[in-house]
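Throw the hints in and build the complete structure from the sequences for me.
There are 2 protein chains.
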Amino acid sequence: MSEKSFIDKLIESIRQKNNPSVVGLDPRIDMIPEQIKTKYFKEHGKTTVGAAYAVFEFNKMIIDAIYDLVPAVKPQMAFYEAFGQEGIKCLVKTIDYAKSRNLLVICDGKRNDIGTTAKAYSDAYLGETSIDGEISWGFSCDALTINPYLGYDGILPFSENCAAHRKGIFVLVKTSNKSSGEIQDLETKDGRRIFEIVAEKVSEWGKDMLGVNGYSSVGAVVGATYPEQAKILRKIMKNAYILVPGYGAQGGDAEGAVNCFNNDGLGAIVNASRSIIYAYKQERHKSLYGESGFAEAARTEAIRMRNDINGALERKDQIDRKTAL
Amino acid sequence: MSEKSFIDKLIESIRQKNNPSVVGLDPRIDMIPEQIKTKYFKEHGKTTVGAAYAVFEFNKMIIDAIYDLVPAVKPQMAFYEAFGQEGIKCLVKTIDYAKSRNLLVICDGKRNDIGTTAKAYSDAYLGETSIDGEISWGFSCDALTINPYLGYDGILPFSENCAAHRKGIFVLVKTSNKSSGEIQDLETKDGRRIFEIVAEKVSEWGKDMLGVNGYSSVGAVVGATYPEQAKILRKIMKNAYILVPGYGAQGGDAEGAVNCFNNDGLGAIVNASRSIIYAYKQERHKSLYGESGFAEAARTEAIRMRNDINGALERKDQIDRKTAL
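Quick note, the sequences are listed as chains G and P, same order. Anchor point for the first sequence: position 254 equals 254 in our numbering, and the numbering is continuous, going up by one each time. With positions in the second sequence counted from 1, the corresponding number in our numbering is that position plus 1000.
Among the clues, some could well be false.
No farther apart than 30 Å at their CA atoms in a straight line, the calculated lysine-lysine pairs in the DSS-like style are these [as the list claims (entries may be wrong)]:
id : chain 1 : residue 1 : chain 2 : residue 2
1  : G       : 99        : P       : 1046
2  : G       : 42        : P       : 1235
3  : G       : 46        : P       : 1093
4  : G       : 178       : P       : 1189
5  : P       : 1042      : P       : 1004
6  : G       : 93        : G       : 60
7  : P       : 1017      : P       : 1093
8  : P       : 1231      : G       : 189
9  : P       : 1189      : P       : 1231
10 : G       : 39        : P       : 1093
11 : P       : 1099      : P       : 1178
12 : G       : 238       : P       : 1046
13 : G       : 93        : P       : 1039
14 : G       : 189       : P       : 1046
15 : G       : 46        : P       : 1231
16 : G       : 93        : P       : 1046
17 : G       : 42        : G       : 238
18 : P       : 1178      : G       : 189
19 : P       : 1039      : P       : 1099
20 : G       : 99        : G       : 281
21 : G       : 99        : G       : 60
Here are the in silico distance ranges between beta carbons for each label pair [stated by the list, open to error]:
id : chain 1 : residue 1 : chain 2 : residue 2 : range
22 : G       : 253       : P       : 1004      : 45 to 51 Å
23 : G       : 130       : P       : 1307      : 51 to 57 Å
24 : P       : 1231      : G       : 34        : 55 to 61 Å
25 : P       : 1068      : G       : 130       : 31 to 37 Å
26 : G       : 314       : P       : 1228      : 51 to 57 Å
27 : G       : 291       : P       : 1012      : 34 to 40 Å
28 : G       : 132       : P       : 1282      : 49 to 55 Å
29 : P       : 1134      : G       : 130       : 51 to 57 Å
Sample of chain P residues at the chain G side, in silico, Cβ under 10 Å [said to hold, decoys possible]:
id : residue
30 : 1041
31 : 1043
32 : 1067
33 : 1080
34 : 1120
35 : 1151
36 : 1179
Just so you know, these hints were derived from the structure itself, not from any lab. For each residue, glycine too, the CB sits at the ideal point set by N, CA and C.
Here it is, written out as structure tokens:
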């Protein structure tokens, strides 16, 4: 138990790199530069094998360009599963490569099931699998996103592995998409909305897993696209680290995302995927970097995002101080 | 569009085999017969490779023993993911083998995400992935279980593929586990519970996808462990096919499960996993079949389950007729 908890490792890296942002690795084959695709399609055809090789080379170059800047990467599992078993091989290589670059890896799989089955998911991503007494690992990530619809017995197997293996989870509370309100915003008899009730549960589920910084390895997901709800949720889940999707391509901005932070400047990590890794497609980077400079464009955009969020955090801090006077 | 819809294929097979049940393929390495494990552990060690080979041979023998009896199998993805990329290879082989035996394959992955990402999951399991114009497939299953917490834009990409590729989805409404009520049973201002609201949405989401039998390819998951809620849900979702987990090892019985059926004897398919595939471990089968007869024990138990459910359906039908007089 001498190893730091997930959340303390995350906070240490955020402080070291002065950057509370995470880069999403969401491989879409039509967005990957031609020169990479051509190389592997020549060798393996336009197949899942060729695509998986191309994606890994792309991921590797993105990781090389940003690993000293950001504390963590977040592979979105759907995009790997779209290439079947070849995509999964690519995911495993991507996780291992990111870890070799000292990045924390948050797998965005939104997994969940009933207790006995949730244990298998938990062991797959956060724990270990015993094969007749020999220990194996499915995926060596540091944290996983989790869906709360099934209640606590679907959460417990994950939080148990968080404690045993120094891992983390981020439970969906208020998601960034347009129709997230259909269920999450429903108001219960006592006037609380579902996302508020889930937030209270997240607080409860994580209360015994606080690290030295006062934050829990049981975190939450709150979209940057809902800044008003974020304010409320920040207060309900005082000790939860919030993973904030929706910044960038989805329309959320830094001013919205900072509502997920506490006054200590901690408490949230903001994700951007498309706007960083496919930055070379944006007008502002196109002429400077071209397609072959995609990794440098990603680095430039990752720096811009870091400065954008840190700037908004400083402005928030000034307002907070004035209000406190 | 001459091919039948998923739900009509399912109903046709249920009628042909006179069996509204499905066998869950949930591989737990410690439950797999020693002679299979020994063979592959000798070759590949007690590794994920050895385990995945053992699981596939086990699945193959189970499928061979039950394919003429049941309309569908349901691999629970968590148990494959626990073996990492080797487990996924085993899942692909299992799906393909089950399909070669004319079984429908319902992947139990409980996937969901925001719209653009849900599309990647949907393409992975129910659709196709275009790789620079060439079509590839991730997993060739017939249906997938889906989590509704993110609302309609996370469902639409799945129902689109159901229509385009004659596939199906089963949306979690009321799950079989003990703590399912923590969120699903919350009562909203107007007195409806969350699971009832989700059920209304499932009805709405599936209303344009009715097959010739009047059932939709957008189905629902309702646990056999909640028979009273099942009665209510059956009425709300008149056209949804209900996948019923919780029978057998989880404590649900046939009398509870039949509440998910309509008066036409259709409308639900009951899953059992452990109680069928590991039947050889039960006292009542142990002495007759021994470990080497595990597949026959599974067949015997699958027949017992079929008769159990059909018997309960007949009793329900008699009560319904009397009530109607």
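Structure-based check of each hint:
1. 99(G) to 1046(P): This hinted pair holds, its Cα atoms lying about 25 Å apart.
2. 42(G) to 1235(P): Given that 30 Å is the threshold and the Cα spacing comes to 56 Å, the pair is violated.
3. 46(G) to 1093(P): It holds: about 22 Å lies between the C-alpha atoms, which stays within 30 Å.
4. 178(G) to 1189(P): holds, 22 Å
5. 1042(P) to 1004(P): violated, 45 Å
6. 93(G) to 60(G): Answer holds: residue 93(G) to residue 60(G) is near 9 Å, not above 30 Å.
7. 1017(P) to 1093(P): Status holds; Cα separation ~24 Å.
8. 1231(P) to 189(G): holds, 23 Å
9. 1189(P) to 1231(P): holds, 22 Å
10. 39(G) to 1093(P): holds, 29 Å
11. 1099(P) to 1178(P): violated, 33 Å
12. 238(G) to 1046(P): violated, 44 Å
13. 93(G) to 1039(P): holds, 29 Å
14. 189(G) to 1046(P): violated, 53 Å
15. 46(G) to 1231(P): The hint is violated at about 50 Å.
16. 93(G) to 1046(P): Cα-Cα ~22 Å, so holds.
17. 42(G) to 238(G): Distance ~53 Å between residue 42(G) and residue 238(G) Cα, so the pair is violated.
18. 1178(P) to 189(G): Holds. Residue 1178(P) to residue 189(G) sits at ~22 Å (cutoff 30 Å).
19. 1039(P) to 1099(P): holds, 26 Å
20. 99(G) to 281(G): Holds, at about 27 Å.
21. 99(G) to 60(G): Distance of about 11 Å is within 30 Å: holds.
22. 253(G) to 1004(P): 45 to 51 Å: holds, 48 Å
23. 130(G) to 1307(P): 51 to 57 Å: Violated, since residue 130(G) and residue 1307(P) (Cβ atoms, about 37 Å apart) do not stay within the stated range.
24. 1231(P) to 34(G): 55 to 61 Å: Roughly 58 Å apart at Cβ, these two residues keep to the hinted range, so it holds.
25. 1068(P) to 130(G): 31 to 37 Å: Holds, at about 35 Å.
26. 314(G) to 1228(P): 51 to 57 Å: Since the Cβ atoms of residue 314(G) and residue 1228(P) sit about 56 Å apart, the hinted range of 51 to 57 Å holds.
27. 291(G) to 1012(P): 34 to 40 Å: Violated - the Cβ-Cβ distance for residue 291(G) and residue 1012(P), about 51 Å, lies outside 34 to 40 Å.
28. 132(G) to 1282(P): 49 to 55 Å: violated, 22 Å
29. 1134(P) to 130(G): 51 to 57 Å: With Cβ atoms ~40 Å apart, the hint is violated.
30. 1041: holds, 7 Å
31. 1043: Violated - the Cβ of residue 1043(P) stays beyond 10 Å from chain G, reaching only about 14 Å at its closest.
32. 1067: This interface hint is violated because 23 Å lies over the 10 Å limit.
33. 1080: Cβ of residue 1080(P) sits 9 Å from chain G, so the hint holds.
34. 1120: holds, 4 Å
35. 1151: holds, 3 Å
36. 1179: holds, 3 Å
In terms of the numbered hints stated before, the structure departs from hints 2, 5, 11, 12, 14, 15, 17, 23, 27, 28, 29, 31 and 32, listed from lowest to highest.
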